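Chains as they are written, first to last, in this note's numbering: chain A, 98 to 425; chain B, 1434 to 1704.
Careful: at least some of the hints might be erroneous.
For lysine-lysine, the following BS3-like pairs were computed, each having C-alpha atoms within a straight-line distance of at most 27 Å [what the hints assert, rightly or not]: (1) A:Lys379 - A:Lys319; (2) B:Lys1481 - A:Lys319; (3) A:Lys379 - A:Lys408; (4) A:Lys251 - B:Lys1497; (5) A:Lys290 - A:Lys210; (6) A:Lys219 - A:Lys167; (7) B:Lys1630 - B:Lys1553; (8) A:Lys392 - A:Lys378; (9) A:Lys319 - A:Lys408; (10) A:Lys225 - A:Lys210; (11) A:Lys142 - A:Lys422; (12) A:Lys258 - B:Lys1553; (13) B:Lys1481 - A:Lys167; (14) A:Lys408 - B:Lys1481; (15) A:Lys224 - A:Lys211.
Derived contacts from chain A toward chain B, CB cut-off under 10 Å, selection only [to be verified]: (16) Lys166; (17) Thr185; (18) Lys189; (19) Ala227; (20) Ser233; (21) Val236; (22) Met254; (23) Asn256; (24) Lys258; (25) Glu260; (26) Ala268; (27) Ile389; (28) Lys402.
If you're looking for bench data, these hints aren't it; they were derived computationally from the structure.
Being a predicted model, the structure only gives us computed values, none of them experimental.
We put the beta carbon where it would ideally sit given N, CA and C, even for glycine.
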Amino acid sequence: MRIRSFLLGLTGLAFAFPAAAADKATLQLNWFHLADHAPIYVALKKGYYAEEGIDLTVVRGAGSADSAKKVDLGQAEFGISDAPTVVTAISKGANLKMVAVVFDKAGNNVFFKKSANIREPKDLIGKKIAVPPADSHRVLWPAFASVNKIDESKVTMVNVKPEGKQAIVAANEVDASFDLYTSYAIWEKVLGKGQVGNLLWADYGLPIYGHTYFVNAGLIAKNPKLIERFLRATHKGWRDAHADPAAAMDAMTAAVPGLDREALLATMPQIMDLCITERSKKNGIGWIEPEIMQKTIDITYAGGKMDRAVKLDEAFSNAYSSRIKPVR
Amino acid sequence: MPGQESRSPETSLGARLAAAAGYYLPSALVILSMFLLWQLAVELLQVKEYILPSPLAAFKTLGKANYQWSVNFLATLYAVLGAFVLSAILGVALAIIIVWNDMLMRTIMPILVLFNTLPKVALAPLFVIWLGYGVWPNIVIGTTIAFFPMVVNTAVGLAAAEPEMLELVRALQANRWQIFVKIRFPNALPYIFTGLKLNATMSVIGAIVGEFVASERGLGSLIITGGVTMETPMIFASLMLISALGLALYGVVVAVEQLVAPWAFREEPNK
Chain A
98 MRIRSFLLGL
108 TGLAFAFPAA
118 AADKATLQLN
128 WFHLADHAPI
138 YVALKKGYYA
148 EEGIDLTVVR
158 GAGSADSAKK
168 VDLGQAEFGI
178 SDAPTVVTAI
188 SKGANLKMVA
198 VVFDKAGNNV
208 FFKKSANIRE
218 PKDLIGKKIA
228 VPPADSHRVL
238 WPAFASVNKI
248 DESKVTMVNV
258 KPEGKQAIVA
268 ANEVDASFDL
278 YTSYAIWEKV
288 LGKGQVGNLL
298 WADYGLPIYG
308 HTYFVNAGLI
318 AKNPKLIERF
328 LRATHKGWRD
338 AHADPAAAMD
348 AMTAAVPGLD
358 REALLATMPQ
368 IMDLCITERS
378 KKNGIGWIEP
388 EIMQKTIDIT
398 YAGGKMDRAV
408 KLDEAFSNAY
418 SSRIKPVR
Chain B
1434 MPGQESRSPE
1444 TSLGARLAAA
1454 AGYYLPSALV
1464 ILSMFLLWQL
1474 AVELLQVKEY
1484 ILPSPLAAFK
1494 TLGKANYQWS
1504 VNFLATLYAV
1514 LGAFVLSAIL
1524 GVALAIIIVW
1534 NDMLMRTIMP
1544 ILVLFNTLPK
1554 VALAPLFVIW
1564 LGYGVWPNIV
1574 IGTTIAFFPM
1584 VVNTAVGLAA
1594 AEPEMLELVR
1604 ALQANRWQIF
1614 VKIRFPNALP
1624 YIFTGLKLNA
1634 TMSVIGAIVG
1644 EFVASERGLG
1654 SLIITGGVTM
1664 ETPMIFASLM
1674 LISALGLALY
1684 GVVVAVEQLV
1694 APWAFREEPN
1704 K
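Full structure from sequences and hints, please.
Next comes the structure, spelled out in structure tokens:
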């Protein structure tokens, strides 16, 4: 009897506060879980999303193009994708808008064995390079080549599954591989400590944006506050992960089974290098600099895969920026 | 009443072609109306091209030079043909060994079944590490996928010779070799062709699996690239070429079967 009335009371409560029901939202990741997703799990664990009234589901990804498509089709409210992929999708009619960057400095990068004697981009001429097709290096390569005066036809691109890029370099089948700087630790694991050489594209004339958070533009009309709340919670997660990377990694490995905690934690310094910069200290984490976005669009357009040029205000908005700054 | 139902040898080539055309007319009509329906659905529902292009849009990309269709098509064709031929030789050879000796059958067959249960998509990245990438590794990957139905079908065919017939020729002092050439092998021909038909389609799948893992060129390589750059019409154009390639190879097998083992061809509809 008592239990029954208690339950009835609970039901009454639920009806009494319908406004307390959280907004359900889905975040479509760009890829399977990597260290740069740990901040999201810290935010989940510390209840930052709950505080903002968001019931967040995180879905692992299958490449930037795939998450762009899913958000366009309304299967997720938020997505993470390469900026070049998002603008390409917009040029093909996808209804998307970028609302923050994940990294202030793009992690586009080339890895090779130190013994390969590659010291500057020009040394790539005549080499074979494994290019994982599920990221934007292929789109950005023509621009990187032209900035560095490399004849594209003198570098051979080899399509390779993303999981296989370290192995194919280790086996000397190719000389180098385009891969994000954030996977440095995985490369060190395969090629050996002190054996990994790399060139970060941002250091060689290609200041562009890589991963960004984006939404279906329909959400801007329907629930713009949700975007602001989502970014605030997410960036609190980044702030905390920057202050304590190990705790962030614990939050993710506790929530997602089967992750290699040590390998992921080892990439955290590189990830924070790309995310927390002078610019993000000034404007807040995730702030989008219009000139860099413009450059990103121009370079992508020059790559020839966009159906039309996309205007800057079509591509992004800072209106929902969290303005949250790193602790140090 | 001999010869009443059998095909008269005088039937002209033209008449036979017409008969063949009539034979395939229903399937041609169905395929054509499927394309029509697809075209109409895309236009009426205004589906975005990067989500699902119309068949016409896909056809049009076949005229675009930047995709280097002939280079990519040939790369895939070589891998498919290589896998097909290698699977056929390896499959028939293994089947003969298996049927030759009961001990070998008991030893080899479980290993083959075990190997066939391994998902080749998961194995393919390892092949790249061991063999590198290119046409040869793709032929190997295609062969690992396509040879199994060849072995099983051929072995069944070789083993299925009528026991009375075998006893008769043994009574007539035929040796194993003679039994094999005159009884077992002809008896297995229809089964071998069934294996070849499966092989034809699976070699295509195998070659594409290989290209998905690592490749410089090929239709599978185009599909992978198109998925990232959202060139969906090009993906569908590649798929059309792949289907055409599979269909053509299958057609060649059927045609050869008609020449070599016409009796087998007539039994086919029951399969």
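### Given hint lysine 1553 of chain B paired with lysine 1630 of chain B - CA-CA distance at most 27 Å
20 Å, holds
### Message
Holds or violated: lysine 379 of chain A and lysine 408 of chain A, Cα atoms, limit 27 Å.
### Response
26 Å, holds
### Message
Checking hints one by one. Is lysine 166 of chain A an interface residue toward chain B, by the C-beta closer than 10 Å rule?
### Response
It holds, given that the least Cβ distance between lysine 166 of chain A and chain B is near 7 Å, below 10 Å.
#### Entry: 27 Å limit on alpha-carbon distance, applied to hinted pair lysine 392 of chain A and lysine 378 of chain A
22 Å, holds
#### Entry: Restraint check for lysine 142 of chain A with lysine 422 of chain A, where alpha carbons must lie at most 27 Å apart
20 Å, holds
### Status of the isoleucine 389 of chain A interface restraint (C-beta, 10 Å, chain B)
Violated - the Cβ of isoleucine 389 of chain A stays beyond 10 Å from chain B, reaching only about 22 Å at its closest.
### Task
Take a quick look at whether lysine 219 of chain A and lysine 167 of chain A sit within 27 Å of each other, Cα to Cα.
Judged against 27 Å, a Cα distance of about 38 Å means the pair is violated.
### Message
Take the shortest C-beta to C-beta distance between lysine 402 of chain A and chain B; is it under 10 Å?
### Response
Check passed: Cβ of lysine 402 of chain A comes within 4 Å of chain B, closer than 10 Å.
### Query
Can the restraint linking lysine 1481 of chain B and lysine 319 of chain A be considered satisfied, given a maximum Cα separation of 27 Å?
22 Å, holds
### Task
Sort out whether lysine 1481 of chain B lies within 27 Å of lysine 408 of chain A, counting only the CA atoms.
20 Å, holds
### Query
Is the interface hint for alanine 268 of chain A satisfied, with its Cβ closer than 10 Å to some Cβ of chain B?
5 Å, holds
### Query
Taking only the CA atoms, is the gap from lysine 319 of chain A to lysine 408 of chain A under or equal to 27 Å?
At roughly 23 Å apart (the allowed maximum being 27 Å), lysine 408 of chain A and lysine 319 of chain A satisfy the hint.
Comparing the model with each numbered hint stated earlier shows that hints 1, 6, 27 do not hold.
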